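**Q** Letter by letter, the chains look like this.
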Amino acid sequence: MKKAFLVYGIALSLLLAYSNHYGWKITDSMSSGKWGPHGKSIYHK
Amino acid sequence: MPPLPWATKKTVAEADPVTPAVTPSAPPRTKAAALSFQCPSCGGSVQVRAVGSSISVVCGSCASVIDAKDPNHAVLSKAAVNMRIQPLIPLGTRGKLRGTLWEVIGFMQRVDGSGQYNWREYLLFNPTQGFRWLLESQGHWSYVIPLHERPKKGSGNTASVLGKSYRHFLTGQVSVQYVLGEFYWRVKVGDSVQAMDYVNPPEVLSIERDKSEETYSLGEYLLPQEVRSAFSITANMPAPIGVAPNQPSAFDGNSDLRGYWGAFAAILFLIQLLSLMFSSSKVLDVSSFNWEKNAATASFSTPSFEVTKTSGLQIRLQAPVSNNWFEISGDLVNEADGDTEEFELGVEYYSGYDSDGSWSEGSQQGSKVLSSIAPGKYHLNLQGSSEMERMSFSVETVQGTALWSNFVLIFSLLSAYPAFMLWRRHVFETARWSGSDYAGGDDE
Amino acid sequence: MVVRHDLNVEDFGKMATLPADMSPIQVGAMGRFGNLGFEVVGRLKIDWSDGSWNEWYCLFNDGRDGWLAEAQGEYMISFQIRDGKKLPGRGELRAGNPLNAGGKLFTVKDIKEVVCLGSEGELPMKAPAGRKSTSVDLIGDAGDFATLDFSEEETRLYVGKYVPFEQLKLTGLRELDGW
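Chains as they are written, first to last, in this note's numbering: chain A, 1 to 45; chain B, 1001 to 1444; chain C, 2001 to 2179.
A couple of the hints might just be wrong.
Claimed, not checked - Pairs of lysine to any residue, SDA-like flavour, derived with a Cα cap of 20 Å:
| # | chain 1 | residue 1 | chain 2 | residue 2 |
| --- | --- | --- | --- | --- |
| 1 | B | 1069 | C | 2114 |
| 2 | A | 3 | B | 1263 |
| 3 | B | 1152 | C | 2109 |
| 4 | A | 2 | B | 1138 |
| 5 | B | 1069 | C | 2072 |
| 6 | C | 2112 | B | 1148 |
| 7 | A | 3 | B | 1256 |
| 8 | B | 1368 | A | 22 |
| 9 | C | 2161 | B | 1129 |
| 10 | A | 3 | B | 1424 |
| 11 | B | 1153 | C | 2109 |
| 12 | B | 1368 | A | 21 |
| 13 | A | 3 | B | 1259 |
| 14 | B | 1152 | C | 2162 |
| 15 | A | 3 | B | 1261 |
| 16 | A | 2 | B | 1419 |
| 17 | C | 2169 | B | 1101 |
| 18 | A | 2 | B | 1256 |
| 19 | A | 3 | B | 1252 |
| 20 | C | 2109 | B | 1210 |
| 21 | A | 2 | B | 1261 |
| 22 | C | 2169 | B | 1098 |
| 23 | B | 1164 | C | 2139 |
| 24 | B | 1211 | B | 1191 |
To be clear, the hints were calculated from the coordinates, so they are not data collected in a lab. This one's a predicted model, so the numbers in the text were calculated from it and none came from an experiment.
With the hints as extra help, turn the sequences into a complete structure.
**A** Below, the structure is given as structure tokens:
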């Protein structure tokens, strides 16, 4: 159980860093159903 | 005969191990066997397994409690009236627990003061180890050892023995309801003692007191599987109901979890802090428009602006609505490839006076974040809607604004797991203590 | 019957037929108590209203003699204390009373009227079957144990310890059918 939480915490930390860096508002993805830091903008350049 | 003086020094050999100084030869090995006799009441065969230790034994045929010490086997009392219980573990069954082979020699069912709650106890015997008990209550099992250390009462309803402290769980009158087999005291149906239980899962300390004596015992929680495999039980084990007073908690690793949570909370704060430090918001464009409901030009456009860094683009709408609402729907147009991202944004503001004074609701400002807009040239196409006839509004486009929603979301997700475990632990402990004298409270 | 005065023990043989029991100990068994080795040379069977137990008379290889009490899977080794200290009177003690003995503090656990059912082997005193006495058991800290025996002739104090069966390292034990 502790190990699972460790992995969970690391994953969440990485997610925060990643989403902040790319200006990805996660809650918008949750409502729009489009996941990832707006693939179109990032990958399309 | 006059008292003997203190014995003079013996001429026992000093050598180790002890060699007998006097007795010439080791005595012949004698065998000891169980004892059986005829029940004086019904003539049925009665067997005593723990010869010399058991002093009462129940006739299996007529349920008379017989004095096992008495050579005439006088009948002491009747074991059961209109009641017959089949013990899950039959008398005579042997099983290995805690490294010792035990034989089930006695069985009893006891009942609490209300008469509604009963449980079963199996007396286990081993010639060198003596007696133990196997307790089954609501499908939960305990291995019980008689204690010969007197527990000490502590502060706040606790008792301690052998270096461990136990919390008071309940006190009540306990009576013998049914007996089978043999016991090391003269047991009688109806015998009553005051019982005090103290718990420190997986252990339970019991103090039983009647007019003549006080006895102590320590029970250790056993899983049904342990009992089943030890005694090779093939019948169905009773299903555990609720949480036993001494049942070990599944949720005891919480202090470690709290440590981890604290560490990650700090890490998340740090990441957020760094994100704030390294983000610099820059206004890319501010445009004002006049919207009319029945105007010819239904849409507006901002001039081109350049996004210099991948970031969340914040669109801020300002409109001086009063007791009304105004919405814009728009497209962020990527001028390089024509890709668009749609968005909607609205403001509403209401105010007035009532008996309490003035009130207001809503705001004349609103904003929306478009996630991860890559560098490039863009502009906004906008359309307005409202119930009003006309509205002037302004739209500000800002890059690199700090996002707080991510932090809030992720921090909540982090806390959700320990919070969930805490809640489950609370539910578990409440269930445990619901059977105690303290039902309604919770343990920390 | 052998009467051996140099050891001050007397072998009175079996004074009465002892009732059968499941005790694994027998005269001739040997064991250890801490650093000392001992040999079981005699036995008394003591009876009271709610049970009976064995008192095994043992000779230790430091020259002392003592008793190994065996009751319901509990084993206590104790030695008689004769330090001249005044002992309480026969009817004076109640359960829960404190008592200083052998330099330790004890609490009265129970008081029993007992009778000797019989004996075998070598014993330091005559133990006729039917001898009545009042036996007071006391417990102390950390497994300390004491007994006061009040009889018509004298009051005897014994101080010792509860010992788990395994620690006694007994050899020469009796074979028990089925065990």
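**Q** Of all the hints numbered above, which does this structure not satisfy? Sort the numbers upward.
**A** Hint 4 contradicted; others consistent.
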